[in-house]
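Here is how the chains run, residue by residue.
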Amino acid sequence: MASPVKEIAWNGIELSVPFHWETIVTGRSGLLFEDDFTPLLELRWEKTGKISKKEIEKRGARFWGKDAADRVPSNILFGMPGPPANFTFARGYRNSSGAPVGGICYCKKSSTLLVYQNLTRQKKLLDTMDDPLRSLQCQQDGPCAWRVRDFSFQCEANLTLKDFTLKSGLSRLAFNGPGYTLQTCILSPADRRLEQQSLADILTTLSGAEYLDIHEDINGCTGYRRPSIARQVRYRLKRQQPFISAKIWQNQGANRLLALVLSSKSVISENTLRQHSENYEILQQKN
Amino acid sequence: MKFFSRKTKPLSKHHNKKGKKNLTRTEALACVPVRSEMIHWSMNDEGEVLVEYPISIKPFFIALAKRFNRGQEQTLTKKLQLDSTGSRVWQMIDNSKNVKSIIKEVATETGLSLQEAELSVTAFFRELGKRGVILLK
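Top to bottom, those sequences are chains A and B. Just so we're aligned, residue 581 is where the first sequence starts under this note's numbering, counting upward by one. Just so we're aligned, residue 7 is where the second sequence starts under this note's numbering, counting upward by one.
If you're looking for bench data, these hints aren't it; they were derived computationally from the structure. Beta carbons: idealized from backbone N, C-alpha and C, even for Gly. Among the clues, some could well be false.
[Said to hold, decoys possible] Here are the in silico distance ranges between beta carbons for each label pair:
no.	chain 1	residue 1	chain 2	residue 2	range
1	A	Arg608	B	Asp100	38 to 44 Å
2	B	Leu86	A	Thr761	38 to 44 Å
3	A	Ser676	B	Gly135	24 to 30 Å
4	A	Arg608	B	Asn28	25 to 31 Å
5	A	Ser846	B	Lys136	20 to 26 Å
6	A	Glu790	B	Asn28	41 to 47 Å
7	A	Leu863	B	Val40	34 to 40 Å
8	B	Val40	A	Lys704	29 to 35 Å
9	A	Glu790	B	Gly138	38 to 44 Å
10	B	Leu56	A	Phe643	20 to 26 Å
11	B	Glu58	A	Pro584	43 to 49 Å
12	A	Leu774	B	Met49	47 to 53 Å
13	B	Met49	A	Gln832	27 to 33 Å
14	A	His600	B	Asn50	36 to 42 Å
Here chain A stands alone, though its shape is the one from the complex (with noise of 0.2 Å):
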């Protein structure tokens, strides 16, 4: 029986993965595979714009260094009879003594350009990377996923990462959209903060704004700043963006709080913070 696997996305590669590997977010285009506190397998990216052949085997070389003084050839990589998914190029690295401890792959479509390390010797769990290694994609045109922890968000592929936050009990990513900033934010344990707090004040601390007009119902809080031009040329003189939406709700089954807050200079749709909030989830999780 196969093992289950988990989907993970993030900044514009995927792939699947073992269940019980732990994902760690390393960077902007970083990810960092362990199981049971060992290390397995790092993924680092980058969007390079057209390279050639060439081009790529150099980077290859001076990230590796030492390290893989011998190439394999580009057909067999951890045992891949080509490169993965919609990579057109791969190259595979191993060290002095003919372990395999990486490679680069570079998709075309996307132009990216992708180093993956391995960080274990152990052959037992080396055979375990081949699956989820076979699986990685780089995502391409439409919709863009953020699949990591215990959340998924999905957009449109205009909205770029600006900055994250991946602490305990805190996972915030910050996006800059066509016109607006959008920020995502799960809390958690939700029944602890709203001991402290209700809903509409987390939202309203969340959002930054001083004062926010909250509508709540059972699905939730919704809270806007629309304010009179007058104040809209004060926000503006304080270089913050005047127009706010923002919506905050439970998922009581995963105990978390889910919130979305989008600011901008004009005004914003309604649309724009519902499509957003319907692509927003905690993902269920398997025992």
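Starting from the structure of chain A, add chain B where the hints point.
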């Protein structure tokens, strides 16, 4: 002039400013936290732990305090009140469990992911370590 000509060893990236070797993550996770013998702790009815630990003061201030206390030497202490989660982690310190197993236990009890639990537990132990309340074996 010998003092000035003494060569000092350059610090590697695994050594801190004092020249002591820094622990790697794997080594730190395998360490067993032990409560210091210098502290006193008690638990209230709600299960929250209160830790009383001695504070280190410079000899000048100790001498000053002694003078004001008519020659009587007294140990100055501070009290640290732990919240429910902190108290639960405190109870897990039993001289046998290592940091890794405590993290796993916290993750199971609180429903946090291993990564979240690791961040919380290591930050908590770091704070206790700074105050000399626990030691890592």
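Results of checking the hints against the structure:
| no. | hint | in the structure |
| --- | --- | --- |
| 1 | A:Arg608 <-> B:Asp100: 38 to 44 Å | 41 Å, holds |
| 2 | B:Leu86 <-> A:Thr761: 38 to 44 Å | 40 Å, holds |
| 3 | A:Ser676 <-> B:Gly135: 24 to 30 Å | 40 Å, violated |
| 4 | A:Arg608 <-> B:Asn28: 25 to 31 Å | 27 Å, holds |
| 5 | A:Ser846 <-> B:Lys136: 20 to 26 Å | 49 Å, violated |
| 6 | A:Glu790 <-> B:Asn28: 41 to 47 Å | 45 Å, holds |
| 7 | A:Leu863 <-> B:Val40: 34 to 40 Å | 38 Å, holds |
| 8 | B:Val40 <-> A:Lys704: 29 to 35 Å | 33 Å, holds |
| 9 | A:Glu790 <-> B:Gly138: 38 to 44 Å | 43 Å, holds |
| 10 | B:Leu56 <-> A:Phe643: 20 to 26 Å | 52 Å, violated |
| 11 | B:Glu58 <-> A:Pro584: 43 to 49 Å | 48 Å, holds |
| 12 | A:Leu774 <-> B:Met49: 47 to 53 Å | 27 Å, violated |
| 13 | B:Met49 <-> A:Gln832: 27 to 33 Å | 32 Å, holds |
| 14 | A:His600 <-> B:Asn50: 36 to 42 Å | 38 Å, holds |
When each numbered hint is compared with the structure, violations occur for hints 3, 5, 10, 12.
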